[in-house]
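Model the placement of chain B on the given structure of chain A, informed by the hints.
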Amino acid sequence: MQKLKTSGVSNLLRRRVLKGMMALPAAMLVSQLSFAASPSTAEVNTTGLAVTDDTVKVGILHSVTGTMAISETGSVQAEKLAIEQINAMGGVLGRKIEYIQEDGASDWPTFAEKSKKLLVKDKAAAVFGCWTSASRKAVLPVFEQYNGMLYYPTFYEGLEQSPNVIYTGQEATQQIIAGIDWVTKTKGAKSFFLLGSDYIWPRTSNKIARKHIEKLGLKVVGEEYYPLGHTQFNSVINKIKLKKPDVIYAIVVGGSNVAFYKQLKAAGIDMTKEKPLVLTISVTEDEILGIGGENIQGAYAAMKYFQSLTNTNNQEFVAAFKERWGDDIVIGDVTQAAYLGPWLWKAAVEKAGSFDIDKVRAASPNLELTTAPEGYVKVHENHHLWSKTRIGHAKADGQYEIVYETDELIEPNPFPEGYQ
Amino acid sequence: MFADYTSAELTAIFAMQGFAGLILFSVFVLMALGLAIIFGQMGVINMAHGEFMILGAYITYLTSQFFSSHLPSLFDGYFFVAMLLAFVVTAALGALVEWLMIRHLYKRPLDTLLATWGLSLILQQLYRTVFGAREVGVSLPDWLMGSYAITDIIEVPINGIFVMGLTIIITFGVYLTMQKSRLGKQTRAVVQNRAMAGAVGINTERVDRYTFALGCGIAGVAGSAFTMVGSTGPTAGQLYIVDTFLVVVFGGASSLLGTVASAFTISQAQSTMEFFLSGSMAKVLTLLTVVGILMLRPQGLFSLKVRR
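Here the protein sequences line up with chains A and B, keeping their order. Just so you know, the first sequence maps onto residues 1 to 420 in my numbering. Just so you know, the second sequence maps onto residues 421 to 728 in my numbering.
In short, the hints are calculated from the structure, not lab data. Quick caveat, the model's predicted, so the values are computed rather than measured. For every residue, glycine included, the Cβ atom is placed at its ideal position computed from N, Cα and C. Accuracy of the hints is not assured; some may be wrong.
In silico DSS-like cross-links for lysine-lysine, where the CA-CA straight-line distance does not exceed 27 Å [stated by the list, open to error]:
1) B:K600 to A:K244
2) A:K137 to A:K96
3) B:K703 to A:K241
4) B:K600 to A:K207
5) A:K243 to B:K703
If you anchor each label on the Cβ, the simulated ranges turn out as follows [said to hold, decoys possible]:
6) A:Y199 to B:P718: 29 to 37 Å
7) B:A689 to A:E274: 33 to 41 Å
8) A:D122 to B:G438: 54 to 62 Å
9) A:L216 to B:A569: 30 to 38 Å
10) A:D328 to B:V620: 56 to 64 Å
Just chain A, with the same shape it has in the complex (with noise of 0.2 Å):
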């Protein structure tokens, strides 16, 4: 006690240099570490997260009971793939992803229960999930309330946009007008039946579309929903062949999409002799599996990805997709968008250096995906992805050829002017 009184000048010295020798090595084994592998917990995560010095939790939130399971089966795949994927080239930061799988039970409020659960007691640093709007409405007070980050990979309807969400998929106004805009230019079309299960997305996106049709000077000459889960078509199909539209613009979800195709087909609508020609936003190659490639022959559908697409990017997804998980799958546009989900979060986190929140959001705009399967994507201000939209014509084998892509990146617009 005696020498450390001596005097309180030297004192502060001699702490100041002993803080620096300290500090030295401590300073040079940081610095080395990050170039080793990673940097320290404290720096890259201030919030809190389920982040240790090697692992990094997030979150899959998706129906793998229930209703939804059909679709959702092939986003759970594609998410646990590329988190896969990025583990073998060293995870992110330098941390493996770890993730903890719940099941939403195509149940709402369900959703809504899991994704606290995942936000709150499992501090995921992000969560990959969704496939209704109404599953994804119901999970965004949660996100919104403690500060999660959602990559939805469904295309939909456009009407929304969160500071908590970045949008894999494409909005509306992506997919319906461009298509539109093909089907007039190309097949000359000048009439539209319009044809819906009965719920938001599809009337939603129907009058998207009728606004456009009339803004070119085009005509509908009907419009008509059936509830979820449908099954007889032919009354409307009776409908269609009276009122001889140039296009059948079909947005039916579901195992509705089966009976609706197997009924125009025997009701000898010849798909393949282009009038009436079918134009679809919901027909990807998963449910074409359960449709039949020689039912829906000839039909039209607008996306942003095909399985068929040749770029080496997508080669080497369909490879691997296959590779892990079975030569016989098929690959539709929602499994590709959940897909880009752990990538576009690697590459926020990477470019925020943290893991925290708020700053992978300040990094998310503007984020660029050279690897994307579908080519090249970017992230815009409003948390949608700028992509080019292709139409593939169904083929009896259940792929899709790939007749026309937008030449250039189209600008995402979840809220259009005039088409609401």
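Leaving out everything else, chain B in the frame of chain A:
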């Protein structure tokens, strides 16, 4: 609402819609006949009826796979084999379920609702495990696809005719079974008075099992036929169950004739309204009408006078 069409078109519309209604009618009858036997005759509320149908659909799928890979030359005829297999397998499963579960619940009809609902969930999960969550595509032989063109506008789908023919055959089969055969007579006896039927030497347990199996088997054949028009997935059975109960209850649960009459009324009403109103609105109006009539006739269109 009629003003948009010319009179020639209106004639065609009614002809086409009448036929679309007939197809819908056939589908309803096929869906409901099996349930009418199980619910109407035995008083068992079978919530797994849709899953029995889907079992028939999956068997059709498996048969089509087998024929296309092993017997491609006979593919044209596979559908008949598939329907027969569908009947046999679903009936066997029905008998098993009756033996394991239903027979313990005859005195507690509401509990059959819970038990069979549980069974439907189990079957759905089983299908998901075995066949995957995605829908499977059942390919049809060529002769079942396409349509006959009667006029420019009126075209009749071949598989629609096939379903109608099948419905007629099965309905007559069920009618003959219930009215003329030994099993049918015994069933009706057991339904009317179980104790008395037992006393005159009818093996009531065996009659129950066969009747339940028959109802399930018909569901299987219906499911097999629906692969032509609908989807085949683990939860697809749920799409049918509400309509099926609607048809059976509306017709008067204990009467097979009632089931047929009710299917006819509902399908024609819906089909006609679907053309002039929207699809969802037609459904709402149909349901409202059914509710209204059931308020006036709680026992359904046709009710048997049974001493309780």
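Return the numbers of the hints above that this structure violates; sort them in rising order. 1, 2 and 4
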